[in-house]
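Quick mapping for you: the protein sequence lines, in order, are chains A and B.
In terms of numbering that gives the first Met the number 0, the first sequence is residues 0 to 292.
In terms of numbering that gives the first Met the number 0, the second sequence is residues 0 to 477.
Keep in mind that a hint or two might mislead.
[What the hints assert, rightly or not] Here are the simulated EDC-like cross-link-like pairs (lysine to aspartate or glutamate), alpha carbons at most 20 Å apart as the crow flies:
1. K268/A x E245/B
2. K240/A x E53/B
3. K42/B x D24/A
4. K239/A x E245/B
5. K252/B x E237/A
6. K286/A x E190/B
7. K286/A x E53/B
8. K31/B x D24/A
9. K283/A x E246/B
10. K252/B x D200/A
11. K252/B x D23/A
12. K42/B x E237/A
13. K205/B x D203/A
14. K42/B x E185/A
15. K31/B x D7/A
16. K286/A x E195/B
[As the list claims (entries may be wrong)] From the structure, some residues in chain B lie toward chain A, with a derived Cβ separation under 7 Å:
17. V30
18. H32
19. E36
20. R38
21. D447
To be clear, the hints were calculated from the coordinates, so they are not data collected in a lab.
Model, not experiment: these values are computed from the prediction.
For glycine and all other residues, C-beta sits at the position ideal for the given N, C-alpha and C.
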Amino acid sequence: MSETIFGDLSGVREGLAKVEYLADDGIASVVYLAERLGKPVLIEGPAGTGKTELAKSVAAMSGARLIRLQCYEGLDEAKALYEWNYKKQLLRIQADRGVDAEHEDWVELQDDIFQDEFLLTRPLLEAISAEDQVVLLIDEVDRVEIETEALLLEILSDYQVSIPELGTIMASQIPLVFLTSNNTRELSEALKRRCLFLHIDYPDLEREKQIVLTKVEGISENLAEQIARVVRSVRQLELKKAPSVSETLDWARTLVLLGIESIDVEQAKQTLHILLKYQSDIEKAAKELTVEA
Amino acid sequence: MLDLLSGFVGELRNAGLPVSLTENLDAMEAVKHIPIEDRDAFKYALAATLVKNEQHWRAFETVFEVYFSLRGPEYNVGDPDGNGEFDPESLEEWMSQQMQGMGGRGGGQDMSPEEIAEMLFRALLNADEAMMAAMARAAVTQFAGMEPGRPVGGTYYLYRTLRNLDLDGMLERLVDESAQRYEGELTPLAERLEREEFENRIEQLKREIEAEIRRRLVADRGVEAMAKTLRKPLPEDVDFMHASREEMANIRKAIQPLTRKLAARLARKRKHKRRGPLDFRATVRRSLSYGGVPAEPRFRHPRPNKPELIVVADISGSVAAFARFTLHLVYALQNQFSKVRSFVFIDGIDEVTHMFQNEEDITNAVHRVNTEADVVWVDGHSDYGHAFGVFWENFGKDVNAKSTMMFLGDARNNYHSTNAWVLKECQKRARSVFWLNPEPRSYWDTGDSVITEYSTYTDGVFECRNLRQLEGFVDNLA
């Protein structure tokens, strides 16, 4: 790991801003620490607040390659770590037989077929064995079963992978690791202990406005301010699913496309379905917004 | 620094946060990389290494404020021999003088309440944060009437300060003022947004005042004493019966994932038990290829186990707070299980399944249950016996081997007959019967509580006063 990726704390913020990710103090500090301490970061928070985006942005900012492991129920070693390419191994054995059948030595053959050549690397092993700088993103880690989590522990704490036939593969460089979780279940203590913890919540008014301004082209400052305010107002309602940042951005883009300069109630109501995804939520918000203050 | 940090970690542990040794070491390591004068970064560094649960953030923040507030540049208390840099802001200086002479109530109070209110109004209107903070300090000095050494909590001072500031009136004035500013051109929507903006600023001011009071209390009474006073239970330890509105909201959020877990636990067996009972016919058919020797036994496919849940909840006055929580739990359960039937009772019993099913919105559903459910039979005092009797009569036939039954209540029966035989029958038929009791275990069977009589016929009675206990129940269910 080169110590000079970020420079200092403010360097992180500026670097992230350059790749259009607006970090707040908490995010910047944790990213900075992650690099300094060489520890993975566990990012938690509601859906659509830029957890995955953060990992991508850090990769973009440091010019590293992003390796992504999408977690899902039923994920196993063969898909996350490594797998022996048994077809190729079979071919190897058969090819041997053809040439000189009398010299077949089992031990030799065994050594032969359990080699790097026959190893299929999966994201975790790939991140460990990469020569260049990589950022490893383990997305939605809460989706795997609690037993599968244990798979990650070795790689997270020691940056190594043990393969019984080959021995232990150590990382040539320590990758930056980001894990994201939607908090659908409690992660195990062992996993949490190994990580730095970062909770990303909905941004505050000012930051949301800035995000809208950076990400949406041709939006006026006035409209961005209004959008941020309406969204905050909607988030305060008790909804099934509060609007996320990405939905705010979609909404902002829609309004710009429609050529709207300032929002009034009617327009807001007509475009609410972009912000909210449940019919009951839309009705509730529409009702709330119409009631005169 | 090391002492300070280990004291800090000790206090976090006292507050109930699980901080392990490795995390402690990480924190020590982390602060080395942070410029020490950057207070925010310092805070986030500690948080990232020590707090691994978003719910604990508030507790962490409180402890942090107590331990590290005085080390801010404007106080210079943490550094005993350092003479401190001169602080350019005269207000700050005036303030710290105030602090020293707090008991003496001598000089310096040259601002009248009206002036403070006026300046605060300007600050709020223009969202001038520095000014707001300064005014918060001034307001605390002026109104809170803090006396050194007095062992009261911050809430008392906070109340006194806020009462004098009349923030509600302030809000109205702010809204009027801004309406005038735009000369009535505001649409209703804009007006509403404007109002919310001001509410937000006032909320911020309140937090500022609270922090200010806390800072002074710490200065007055020392870190340890304050940390102890301010210690609040973590969200998972909050008692359902005495939860404040805000705590309730937190609890509600935590219920969702818990019910998912419960559903997973109850359905789990089908995953682990891959084999059903011996399939005799298939085994014999198979044995033909081995010359009639049943070498390879065949098994039936296990029947998928669809858990059905029957929830019977007490919603009487004695468990009112718990009942609120119960209803949320039932609602959350309804979304997770394919088949949930819910009943509520006081002395009569009524099925409320349909109210939860057709209602998208939980608050509406709870409201409907409270108003429409027909649960009063005679006088509206709990009568478990009668309610259970009616339950068995009307719905007993629906209890079958697939159903898991959950009773929620304190079993305070007002000395009526218990009708415990209903539970006995239920236990015979149902897959399992659980009882969750919101009372502390030591209160069980005191007075009119008849929990033991019921518990003989259940698969377990669990004390369920906070989220941690509820989680424990769900965990043990496997």
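- Quickly compare the C-alpha distance for K252/B and D23/A to 20 Å and report which way the hint goes. violated, 25 Å
- Query: When you check the alpha-carbon spacing of K286/A and E195/B, does it fall within 20 Å?
  - Reply: With a Cα-Cα distance of about 17 Å, the restraint between K286/A and E195/B holds, given a limit of 20 Å.
- Item | Hint status (Cβ of H32/B to nearest Cβ of chain A, threshold 7 Å) | holds, 4 Å
- Straight-line alpha-carbon gap K286/A to E53/B, limit 20 Å: It is violated: about 32 Å lies between the C-alpha atoms, which goes past 20 Å.
- Item | 20 Å limit on alpha-carbon distance, applied to hinted pair K240/A and E53/B | holds, 19 Å
- Task: Starting from K286/A, check that the Cα of E190/B is at most 20 Å away, please.
- Result: Cα-Cα ~16 Å, so holds.
- Are the Cα positions of K42/B and D24/A separated by 20 Å at most? The hint holds at about 10 Å.
- Query: With a cut-off of 7 Å, does the beta carbon of V30/B approach a beta carbon of chain A closely enough for the hint to hold?
  - Reply: Where the cut-off is 7 Å and the nearest Cβ of chain A is about 10 Å from V30/B, the hint is violated.
- Message: Against the 20 Å threshold, does the CA-CA distance of K268/A and E245/B hold or violate the hint?
- Response: Distance of about 30 Å is beyond 20 Å: violated.
- Task: Report holds or violated for the interface hint on D447/B, using the least CB-CB distance to chain A and a cut-off of 7 Å.
- Result: Result: violated, 37 Å to nearest chain A Cβ.
- Message: Hint R38/B vs chain A: min CB-CB distance below 7 Å?
- Response: Constraint on R38/B not satisfied, violated at 10 Å.
- Task: Compare the distance between the alpha carbons of K252/B and E237/A with 20 Å, and conclude whether the hinted pair is satisfied.
- Result: holds, 11 Å
Violated hints for the displayed structure, listed by number in ascending order: 1, 7, 9, 11, 12, 14, 17, 19, 20 and 21.
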